[in-house]
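Visitor: Residues per chain are reported as follows:
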Amino acid sequence: MRRLLVRTLLVMLAGLFAGCAVRPPVAPPPKVPEVEVEPVGPAVAPLLRAARELASAGDLEPAGAHLERALRIEPRNPLLWQELARIRLVQGLYRQAEGMAARSNSLAAGHSQLRRENWRIIGRARNALGDHQGAKEAFDLAGQQPP
Amino acid sequence: MKRLFSRSTSSGKRSARRPARKSPRRFFGKKILLAGLLLAVLLASGYVLHLDFVIRERFEGRRFALPARVYARPLELYPGLQLTAAELVEELRLLGYRETASPREPGSYRWRESRVTLKTRDFTFADGMQPATTLQVDFAEGRVARLERVGGDGHLALLRLDPALIGGIYPGNNEDRVLVRLSEVPQRVLDALITVEDVRFYRHRGVDPRGLARALVMTLSGRSLQGGSTLTQQLVKNFFLSSERTVRRKLNEMIMALLLEIHYSKDEILETYLNEVYFGQDGNRAIHGFGLASAHFFDKPLMQIDLSEAALLVGMLKGPSYYSPRRQPERALGRRNLVLASMAEAGVIDDQQLLAARILPLGVVERPPRGTSPYPAFLSLVHRQLRENYRDQDLRSEGLQIFTTLDPWVQRAAERALVGRLEQLESNWNLPAASLQGAVLVSDARNGEVQAVVGGRNPRYEGFNRALDARRPVGSLIKPAIFLTALQPPHRYTLASLLDDSPLLLRQPGTEDWQPQNYDKQFHGPVPLYRVLAQSYNVSTARLGLELGVPEVQQTLRRLGVEPERPGYAASLLGTDAYTVLEMAQLYQTLAGGFRISPRAIREVLTFDGRPLQRYPLAVEQVIDGPTSYLLTTALQRVVTEGTGQGLNRYLPEALGVAGKTGTTDALRDSWFAGFTGNRVAVVWLGRDDNQPAGLTGAGGALTVWGELMAALKQEPVLLAMPEGIEHVWIESSSGRRSAAGCPDVVKLPFVVGTAPAETASCATPREKGTVRRWFERVFR
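If you're matching them up, the sequences are chains U and L in order. Going by this note's numbering, the first sequence opens with residue 842, and the numbers climb by one from there. Going by this note's numbering, the second sequence opens with residue 1191, and the numbers climb by one from there.
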């Protein structure tokens, strides 16, 4: 009986929170097609392409070098920082991965998709470093980014 | 064996005439003789084996000690790059490109108004070889508008120029050379060499008795052009350079020459010879090999030298200093023409070629391309960073290729600003001429790459490097560490917090009483925190630092990448601690964005044949959270807009949002300025080597160098993306209370959400409205 009461209360509470979280839209938001989050300029595009190819073949070191070269041309491009973060993560350079992803975040205001991925990278890096609490916080932040 | 046998027979004959009793002794003597001869043969062959070992090791092991070559950053060309045609041409000249009507050779260009056509050189970068490319670059509105490969598939997205060589790290004996392969050596060089030095090179076996005899005859008949040694013998001689002229040495030389020819092909020997021969001295640097000689005398690659130049080089071999074309041009000219004449005589050139080549001037460039680096201060930073990973002897012998971050334009701007301003300051302030010294370091704000280092007012001087090695008190340059400690979570202070700038006396057992003073000898009462930093008030800063605790401030410093002096005293808070320009660059690099990035001077190291050996990757670590970094940068920008850094407005547009800090020490001994724009961090120190008062404040001295330097370079604004969790609030600056736009004495300051003052100043609109607004704000923040 008491359990039922608690459950009912919980459901009501959940409903309340849901009501708070989701503003009733005046019109349904237009479905935005998934675009490349932060397109890169034409000078950097071939470098990014080459870096991705190298990384897919496991040549992480030269892939990183290509991204650093790209970053010299577009130093404020959060996508490039994220690509580099991911490479460092695969290389097992977790502190570097975390630093690069944080750098990407600092430049990615408004790019929620990029930020989500950055927080995931940070979470994985922290887990690998044994900082499970910090990792949880990062994963939570990844979840909190607006879709 | 034959001789042994015949001798024993002759002694046998004698034995017939002598009494038989002597025969055992004779038999014994024969034995001794035999054993002795055997021993001699053994010793001789042992010796030959030894020589064989020595010469093979010398030839095969490391044939040459190759100095490490140090390169500047390559210029990246791409459409949209901010660059004018004139600037590109300047870069090309720096790289030794020649202007021609039609650039067909690698390393040449043509400039017509807004179009530059050029042909790059083959160059091996860490990510592979970039072949020579003919390129058309069009400019418009101060940018690269279009990049096109000539005779190729249309426009190019990106291309690197070859990087400028900025110096070498030489072997202990200061031998320098540029290796050439035999296939790269023009036939005219080989023809001249073989004709003059060893005409039977391809026919003898290392030693040439006929050549020796002919040389003897020639010498006796007074036509002494040919030495008796073969090229192989000369190579041996060069390998073991010694001036002794003994029969023994000559014998060794011959044996080794024979041995070399047994083991190695003619081509291998010739190639080694071409790279080994000595062409004289350039200061304390020894010029070895045709490759470097060609660069040193004609400033061009060996491939490009003409017949008369080839003849000159070959002619010099007989006596590099006696026939030095720079010091003995007449003698060198005569010698060159003699070489040409004997080439004609030998039929390797025809008479027409002889006539054409003979009338040419020597063609030697007046000033040899620098052997020593024009940027010794930067090079010493490179050397220092390399020594963390390499043995010094490897740096000096393995021919490593070091790719650095030096930007020649930034370096030049830094040198000019420092040298020019020092002279100006001395004359403005009636200071003794050449009494001031200074140092500058510039790095890329985004990735920590060091773009320029100036170690003193004579930038070419290789001595004391003040940017790296002079440790001087930094004064207020250290203050941002205190304010960062105050602003960072748990946000004990805000930019509007009122600090107490009233007299302060610190009594601590075991130390002298400490009574900090402001520069203007005044006290300013309660002052908002941002203004304390902007005006660089000492007393309130010291009080703040003591409240936070010296150890905590030191902890902040460590986090920013600077190792503070131990133990920390209260006076450390006002910068009595001494640091180098490099350390301050690290500090401000971190402040410019909140990420710790070590200043790096090297990108990568390649082996001499272009294989990647080591990378120095970009490494970043966030050490200041976004909101706090935003607050501190704002405060550092206030230094420039309204505080001690206002003088920068003479040099740089306000829209850049420059952030920086002045530093002045006791009795005006040191003058500092450190700060950053959106793309560069720079630190400048001025002072005297003897540590006497220089008579300059940070604002009066170092700031002007900083301003002039940064104004000469392309700058990007400090773009502060407002991080989440920051709000802007109008503050009455005298009271630190919340106010509103339009009220007197107000300033709009950023706050971490939830930390802005709640109390409202009297001006801020009707009380009721304010209350309602505050209520809303509390609900919605």
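FYI, nobody ran anything at the bench for these hints, they're computed from the structure. Treat the hints with caution; some may be incorrect.
Reference listing, derived: stretches of chain L covered by chain U, where coverage requires no fewer than 3 residues with Cβ under 8 Å from a Cβ of chain U [stated by the list, open to error]:
id	region
1	1268–1275
2	1780–1791
3	1802–1809
4	1905–1919
Here a beta-carbon is modelled for each residue, glycine too, at the ideal position from N, C-alpha and C.
Visitor: Which numbered conditions among the earlier hints are violated in the structure presented, ordered from lowest to highest?
Guide: none
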